[in-house]
Structure formats: structure tokens, C-alpha cells
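K.L.:
Listed below, chain by chain, are the residues.
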Amino acid sequence: MYRWGMVIDLDKCTGCQACVVACRQENNIPSAGEEEAHLGRAKFWMNVVSEVKGNYPNVEMHFLPIPCMQCDRPPCTMVCPVAATYKNPEGIVAQVYPRCIGVRMCISNCPYTVRYFNWYEPSWPEEYQKGLNPDVYHRRKGITEKCNFCIQRIRRAKEKVKKEKRKMRDGEVVPACVETCPSEALYFGDLNDPKSRVSRLSKSRRAFRLLEEMGTEPKVYYLKEGEWDVGE
Amino acid sequence: MKINRRQLLKLIGAATCGMALPDKILHALPKKGEWIPYEEYWSTGICLQCPSGCGLRIRSVNHWPVKLEGIKDFPMNKGRLCPKGQSGLQVLYDPDRIRCPLKRKGKRGEANWEGISWKDAIRLITERLQTLRQAGKPHQLMLLGGRTRGHMSELMARFMEAYGSPNHLGNPSRGSEGILKGHLFTMGIKDFLAIHWEEVNYVLSFGASLLEASRPAIRNLWGYGFLRRGRPGIRGKLVQIEPRFSVTASKADQWIPIQPGTDGALALGMAHWIIKEKKYDRTFIDRYTFGFEDWKDREGNTHMGFKTLVLKDYSPRQVSSITGLPEEMIIKIASEFSSYPPSIALTGRGLGMQTNGTYAQMAVDSLNALIGAIDHPGGLLLQRKPPFQTWPAIQKDGIAEKGLSEVRLDGAGTLPFPFAEEIPSALPEKIQKGEPYPIDTLLLYYTNPLFSLPEPEKFRNALEKIPFIVSFSPFMDETTAFSDLVLPDGTYFERWQDDQVEPGLGFPMFGLRHPALDQPLYDTRNTGDVIINIAKTMGGNIDKSFPWKDFQGALKDAIKGIYATKRGSIQAKDFDEFWNTLIERGGWWDPPYPFGDWRKKFNTPSGKFEFYSLTLEQGLRELSEKSSKALDQILKELKIGTKGDRVFLPHFEKPRWIGEEVEFPFHLIHYKLMTTAEGRGANQPFLQEILGPHLKEKWNSWVEINPETAEKIGIHDGDLIWVESKAGKLKTKARLFPGTHPQCIHIPYGQGHQAYGRWAKSRGVNPNELLVRDYDHLGGFVSYFSTKVKVYKA
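Protein chains in written order, with this note's numbering: chain A, 1 to 232; chain B, 233 to 1026.
What the hints contain is simulated information worked out from the structure, not anything from laboratory work.
Derived DSSO-like pairs (lysine-lysine); straight-line CA-CA distance at most 27 angstroms:
#: 1; chain 1: A; residue 1: Lys146; chain 2: B; residue 2: Lys930
#: 2; chain 1: B; residue 1: Lys930; chain 2: A; residue 2: Lys53
#: 3; chain 1: A; residue 1: Lys53; chain 2: B; residue 2: Lys944
#: 4; chain 1: B; residue 1: Lys930; chain 2: A; residue 2: Lys141
#: 5; chain 1: A; residue 1: Lys130; chain 2: B; residue 2: Lys993
#: 6; chain 1: A; residue 1: Lys224; chain 2: B; residue 2: Lys310
#: 7; chain 1: B; residue 1: Lys304; chain 2: A; residue 2: Lys158
#: 8; chain 1: B; residue 1: Lys928; chain 2: A; residue 2: Lys224
#: 9; chain 1: B; residue 1: Lys965; chain 2: A; residue 2: Lys53
#: 10; chain 1: B; residue 1: Lys928; chain 2: A; residue 2: Lys141
#: 11; chain 1: B; residue 1: Lys310; chain 2: A; residue 2: Lys158
Only chain A is shown next, with the shape it has when bound in the complex (with noise of 0.2 angstroms):
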């Protein structure tokens, strides 16, 4: 069994947003125009949110790539009256899209702030259309969407695999953020295989976990900042 997992190297990653990008491309989900964006209700699956701090001329800034967590134990599918959202046997945190009847308890209960509702019904120019991504479900007005790791791309996957009757290989499903990462600084792959890539990074001296005192076990990991080090 699979338990997909996440790694975001923070000394590699730039703040360049490709994988906000990437996500909003492959899972349709139109941009929200300005004054939607501006109250705070366009989607972004993958969100890359930024702090500043500091006076000049000693300033920092830090940005942190923020996916779903697709916590062992989410909070969000405790509370979810309808079992719409639920996590799956390979520890993704996923969402029925018909099930959903819109309470949004799942949202104020996400500690991450990564679930997202439809407070409209999703639009595109006729034009974008053409380009819409069909191994996505058609998300509805008054539901909840959020990420989950490109399951549509894992699905295919698997079934590839099966079909030529091997094993999967490290990195040959990624989500579509991780995909284009120019300074590839996110990783994704199979936390049960000790020897994937993600597995060994996760054990880093410089991993640690969003918020990882309340219990929720995530399954998306953050590699830290270093230091100057010239290999001596």
C-alpha cells in the first residue's frame, strides 16, 4: 500500500509560484477576477503565501509553498457531516464532490487554511474551455474543493502499473506543482518505501512539520533554510 507523501526543500524553493500555476491549470480551477480574489475567495490548491519582517536595511522574507497536508489525522473529516470528506487508503485526504452539501465545517476546522469553497459557480470564458483539464470532476457552486495531490494523475498511475505488471517507480507520479518546480524544491513519492526520495529527505535534520504539535500528524514536510557552508 501507498502513502503518498510531500517534500518542500524551503533553501531550494524561489517563491516563483510555478506550482500555483501548474495546480490551477491541471485541476480547473478558473481564476476568480478581481474583485473575488480581492475578498479572499480565489482557489489556489497550492498557495505560496509570504512574510516580511524586519526594518531596513535588516529585512527578511521567507515564502512557503502550502498544499493540502494530507494529515494522518485530519481534522477536516471529523466534522464533515455527510463523510463527503474522508482520508483514503493511501493517506490522501480527498473530498466526494457530489456528497459535499456546502456546511464548510471542514473549513473552519482546517488548521492549515487550504480548503476552499465555491461561493460561485466556477466560470471560464467560452475561449478556456477547450483547455480544461476532463480527468477533473466539474465542481459546483456551493462546495468545497481542495487539494489532492493530482489523484487523477496517481490513478492513471497505478493503473499503468498494473497493466505492465511492476512496481512503481520513485518519481514516476508527481503532482502537476511538483512537476514543474523549476528550482526543484518539492518532491513527492511513497512514504512507506523507505528508500524513496521523499522517505530519506522527510528524516532530514532539517525537516519539521506546519503546526506539528497539534496532532495532525501531515504528510507534507518542509526542509529548512541553512546557512552559508563551504564544504570544509
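Here the structure of chain A is known, so what remains is to put chain B in place on it, guided by the hints.
P.N.:
What follows is chain B alone, placed relative to chain A:
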């Protein structure tokens, strides 16, 4: 996509047969409760969201592209794409694209168009060009080009030459000319240098926007990641020198906020310490450089060398007073830079767009030469070009010869711009006055001067004087909206075109764009084909200069040269196989890079790297003879503030500012974001919505002010304020950003369109409207960072 019963049955049939063909045809997936099988395939392409030239893998479903990825083994982007690359389908599917040839009906700029057929459109332009030529005035045709990739620039140049006009302005590296001129004077190279990220340990960046708007952006993003964690046990150091706390500065190990326009002095101060402490690369300097020590010319006169100059004029103390940086800091970075090789010093717009940009670049080049960082593993590489076959010679008749003998309208190549190849920003006044001659017809290809040049209003007034303007743009940008005839090109998913990558890898490489759709989305045509079509219709020598059916034919002709070398990533038994493999793989490349080829590559009079630029000396002496002006007089016209040997050595020229300190206290340093780098991303909602992550800004413009400065003048975060220069004023939102130098304000570039589609139009402000034109005359470019401004509450 509508599907009737018959098609549906056909598709299901195809899907069933497809069981034997894994991946080609996929099973059905739900969409709005319906089950529709689809056909999927992958093709290749080359991105054109910036000039990097990244390889694209295009996933198409039922013939429509739905997702872009990078080509895995493409050396430039290694299977990766930046946010602009990822948003490429919003270029293809932009609802406001121009859908057929248009002829102006109402007044200029009124957006009153009449759709016409391609036949009529080509007849219109051809007749106009014929008449102009028959009247013996071919030089009154002008072509402004922008992003002319690959052989498109050569095709354009060829057309202009065969037609007989010297007025071809097609430089795609606008804003970075200072860097190019610096390289020309020190190394005789007319190109950018590539970075050997694979081995470099210490990167010193003089205002290079490495992680936002550099070229090639993707290679530098990858390089940054590799510098940090690519080699076990080694974490390279990045030092960023610039007044603004950019993303690059935030990711650097050290940020050095320097006084604007003084980068060159810092480089020379570092050189002072390195020379004094004898930390330089003696072997490289002895063998491959000229003008380090004092030297004697043929007449026996002694000339000053770089060493003497630097030791005399640029001690850390002297440099400290110029740059505003503490002496210890200058010494510390000089010591680190020379102690942890391989090190490199990089430059960008921040250094190059000042009135002293060329000399500053020469200073940084010299710094690299001092430690032998050029053409060396972990250093700066000299980009090799693919061995294309040259096209047959251009046929010129008497009219063409006569037209070409006229002076260029922009004055490039003559005083006060003797070394410039072109000066688009000098055009407005010359067009306005019609001196030395008027312009009759203007062609625009992938350029938008009414947005991208300083003082666009003046350009607009000048355009009024041109009787006929033709644009080849796929989008209704400001300048296209002001034209008389539009012959729309397709997007980069719909045409044949080669794309030589920006210097980034060193070894030769190019990518091939080919149509990803069966036919263009709309009634558009590849401008390459249109130019050839016009040439054929015009007949005579012009027709003979274009011996190809279409642009694809011209490309094949050039690429045959590469096939003939039998080198590189594609080996084939005949050209057809080579061509098909090229389409399949998206490009051709020929690694590895041959290091240490200094003798062949330094194209200077001495054949060496020149601390003392003989190229510059010879150029100025020839100019003096030709114009019969004394050298001192020429220096005065070039606004160079020094005399003697120093003129030919890298030195610090005091930057000039426009606007008095008292009235205009702030430097306006506009910058480029990763999301808008080339200013062309404003028509893509995906990019608009993630515009400035450092301030969480989107869909708008803003001006960054230092919080303490803002407090002093009573401006709060989010206030609407006026930014005013001698050229004009703009109203926009103030954002207090602690990374702003107290004497600077920053406006990101890319917004403020008055056209360019529904997403871009009437949104934010364009800092170009504030810029007053001053020049680095030696380099021959407009200095974008010279304007000073004041700010006050609206």
C-alpha cells in the same frame, strides 16, 4: 465541445480499439454527469512567454491543448516550467485575440475595424510598399521588432535589406544593452554570458534579478536550487547587491543595499583589494588579458594599466564614500569573492540601466577576469551558436542600394550614439520633425512601443505623423490599436519557428516550434509566411532574395547545416529523419561545453580580454577622424567626465539624475516581477491573480515606499498617492515595504495597459509614463533608472 450521437459512437469505437494502444486513447471520465471518451496525445513546442526558449510538452485532448509541461531532457528547462510558462494556454485561448486581418475604418485608435481577407490585406500592404519603392524612397519604410526569435530576426533583416531600408530596429534585448556593450568593449562579444551553475561556489550579483526577471529565468531558478542543495556537503553562497530588497535579495545569504548607480565603483573597490592582496589569477592575467599593467604603445608612449588606475583611485575608503557601504564590508566581500573559487560576478538591469552602465559593466567584467572566472568551470561561459547553414545571398537592385546608403533615422552609429546598433527611444522627435526624412510606412512585429518605451505619449504623437502603420501582433496592444492594418500572427502554439535559447548553457542549442493544433485557432498567419508572401508578390530582386515556399522551407534550409555536421543530440540517416526527430524532441543541442577557448573567443584587437579597451580606443579614434572632431569634443558629446587613458579603462562615472534633489527626492526604480517579467503577462488572469507575492498584491499596481520615509511625509499603507516626475504623474496605491531604500520608491513594471485585452486594460499604472529620457551615450541606450520623482497623497 458538442458531440452528436454518430461522433460519440465513433469515439467509443476508437476507444475500444485503443485497448491495444496504451496511452494513446483513454477511458472516459465524468463531466457534468456525462461520459465522453476522449483522445489524448502529447506534442512538443517552445515557450515564448519570455526569451528563454524552454521546451514544452503539450498535452492535447480531442485536439485541444490542455496542459503544458517541460520537455524532460531539454537542457534549458529540464522538464520544468516557470509560472509564466505554465500559464501559456491563456495566451492561446485569450478571448481577446485578433481573429482575422483588420483594416481601420474610423479614426486612429478608435477601435473601429473592418475584417478583411488575407488576399486583400496582402494586396494592400504590397501595393503601398511597391509605390514607395517606385518613388525611390524605400528608406522611408521602418520596421520595429521586439521578440524576434530565431531566424525571424534574420528574415526581417533580409526583407528590409532587399527592400532597401536601413531603418530596421529589431533588438530583442532592450533594457540590457549596457551589459552587451560592456562585454563588447572588454571581450569583443556581442552576447550575454552564460552561468556555469553546475560548479560555481560563490555568486556575487550586481543587481541581477536572478530569481525574478533574469534571462534565461528557468535556468537561473534551477541554478539557484542547485547552488543550495545540488551537491552533497556544499552550499554555495549568494550575495545580492541592489538598493531594493528583491526576492533574489531575500533568498541571498547577504544583501548589500547600495546607493543607486554606484555598482561600478564597488566592483573597482573590490578589485583594489584583490590586487593589493595579490589574490588574482596571475596565469590568466599574463596569458589572456591586455592592459593590466602599464604598457607602451608603438610610438613609445606609456599608458596606464588597470592595476595602476585601481590602486590609485579606488581604495575601499574612496569607494565607501561613493557607495555608502562600510569599508569593512567592501573588503569582506572582496576577500570572500577571491577566496572561495569558483566565484562569479553577475550583472543585470540594476547595473546596466544607468547613465554609467557600460563602464560599470566593464568594471564587473574586469572583476571576473581578475580571478579568471571567464570560460572556466564554475564561471561565466561564452555562448556557442548552432551551426546553421547560411541562407543564399540577398539580391539587391539599384533602388535597394540607394535606399540602404541613407543614414538611419534613429541616428544609431553616429554621434552622440557612435556604438549603438539602434536607438528606438530617439525616434519620437526624429519622426515628428521628419528629419532627415519622413517615415511613410511602419511595420510592427512583436513590439509595443506605446507601452514599453519611456515617455509613450511622445511616441504616440510621433506615430500620428506616419501615414501607414501595419502591425503583425496576435493581440490588440496599444500600438496595434493605433495602426491602420493588422495582419495577425498566431500564438507560439500555432506556427513554425526556431528559437535559439538565451545564453545559459554555453553549448549550442536551439528549439523548434511547430503547430500544436491541426490549424490555427483563428484566421491568423505566421508572420514569416506573410513576409515571404509579400516578397513573392513584390517580385524582382525581393522575390529572388526569398527562394522558399514558406517560412518552414526557410527554416529547413538553415537547419540542413546542423544535420550536415552530424553532431549533437540527433543522429539520423537522412534529413527527413533528422527533421522528424527534431519535431519529436523539440530541439537540438550539442554538449559538452569546450572550456578555456580564450584565444579563439575573445574578439578584440589584442585577441585577449582587454582591461584597457582597444576596441573602444580604436572606435573613438576612427570616429574622430571620420567626423573631424577632436577626441575631447567627442567625449564631451558622449558626456564622459574623464580624460586620457581612463576613458578606455573601467572607471566610475558619476551617474546623472533627472530632477533636482530638492523637488524630486526619490529615485524611481521600477522592477520586474517573476509573473510579468517581460511586461506581456498582463493579459493572463492566472498571472494577474498572483502578481506580487511579497506584498500579496494582485490585479493592480502599487508603489513601494520605505515605512519610515512614508511616516515622515504622512503616507499610510494602502493610501492612494501621486508619483510625479518631470515627465508626468501617476496615481496608485502606496505599500509600505521595509525592503525599500529610504531614497527610492519602486513600481513594478507590466501593468497600466490602455489596451491588450479585457484582463490587462485599465488596470494599474505604467512606470514608463514617468520616465524622462537620458542616455548612456557610450553604450547607446536609454537609462531607465535616471528619473527622480516626488510622492504625495492624492
